[in-house]
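Colleague: Sequence:
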Amino acid sequence: MRVKIIGSAAGGGFPQWNCNYRLSRAARAGMPGVHSRTQSSIAASADGKGWVLFNASPDIRQQIGQAPELQPAADAPLRSTPIRAVVLTNADVDHVAGLLSLRERQPFAIYASAQVLATLEANSIFNVLDPSIVPRRLLAPTEEVAIRGADGHPTGV
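Letter 25 of the sequence shown, counting from 1, is numbered 24 in numbering that gives the first Met the number 0, and no numbers are missing.
Derived from the structure by calculation, the hints contain no laboratory data. We put the CB at the ideal spot given by N, CA and C, even for glycine. There may be inaccurate statements among the hints.
[Claimed, not checked] Simulated crosslink set (EDC-like; lysine to aspartate or glutamate; CA at most 20 Å straight-line):
id, residue 1, residue 2
1, K3, E68
2, K48, E68
3, K3, D46
4, K48, D74
5, K48, D150
[Claimed, not checked] Here are the in silico distance ranges between beta carbons for each label pair:
id, residue 1, residue 2, range
6, A66, I132, 33 to 43 Å
7, V92, I132, 28 to 38 Å
8, D150, S100, 14 to 24 Å
9, R104, E68, 33 to 43 Å
10, L137, A28, 40 to 50 Å
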């Protein structure tokens with residue numbers, strides 16, 4: 000199992016847009032040892048080819064851009080992705096807003112609790128993720144679940 004931290008900052012990233020703390024100023028100035036960070040998210044893969052994201056932060060485009068493993072392979076079709084599923088740990092904006100950047104009709108599955116799935120259903124903006132392409136699947140908190148891609152094949156995660 001490979002696990003890659005693709006974001007490790009709190010909501011808003013680091014530095015936050017409105018923070019004037021000395022470390023935020025140092026990050027903006029490019030001070031050595033003080034690095035900007037994107038909002039929290041991890042990616043996991045059993046085979047290094049198909050990936051499962053845990054949360055989809057608003058920084059997802061940047062995170063994919065910085066992680067070659069999450070980008071289309073050189074020999075892949077014109078439109079493709081190695082992302083097979085996204086597991087949402089909650090419905091915080093910092094964990095679901097990135098789904099909107101993944102709306103380009105590429106198949107992947109969303110896994111979440113009943114409450115999180117209800118939140119997505121109640122917010123029409125998430126209708127850009129066509130359920131026939133991006134199925135939503137229940138992640139029961141007390142059950143072991145094999146995460147599968149949109150095609151139903153197990154990811155090994």
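Colleague: Does the Cβ-Cβ separation between A66 and I132 fall within 33 to 43 Å?
Modeller: With Cβ atoms ~23 Å apart, the hint is violated.
Colleague: The hint says 14 to 24 Å between D150 and S100; measuring C-beta to C-beta, is that right?
Modeller: holds (21 Å)
Colleague: How does the Cβ-Cβ distance of L137 and A28 compare with 40 to 50 Å: does it lie in that range?
Modeller: 46 Å Cβ-Cβ, so the 40 to 50 Å window holds.
Colleague: Would the hint linking K3 and E68 be met if the CA-CA limit is 20 Å?
Modeller: Judged against 20 Å, a Cα distance of about 9 Å means the pair holds.
Colleague: Is the Cα-Cα distance between K48 and E68 20 Å or less?
Modeller: Roughly 7 Å separates the two Cα atoms, so the pair holds.
Colleague: Is the distance from the Cβ of V92 to the Cβ of I132 consistent with 28 to 38 Å?
Modeller: violated (23 Å)
Colleague: Are the Cα positions of K48 and D74 separated by 20 Å at most?
Modeller: Cα-Cα ~13 Å, so holds.
Colleague: Taking only the CA atoms, is the gap from K3 to D46 under or equal to 20 Å?
Modeller: Between K3 and D46 the Cα gap is close to 13 Å, so the pair holds against 20 Å.
Colleague: Does the Cβ-Cβ separation between R104 and E68 fall within 33 to 43 Å?
Modeller: Distance hint for R104, E68 is violated at roughly 22 Å.
Colleague: Just to be careful, I want the Cα atoms of K48 and D150 compared with a cutoff of 20 Å; is the pair within it?
Modeller: holds (15 Å)
In summary, the numbered hints that this structure violates are 6, 7 and 9.
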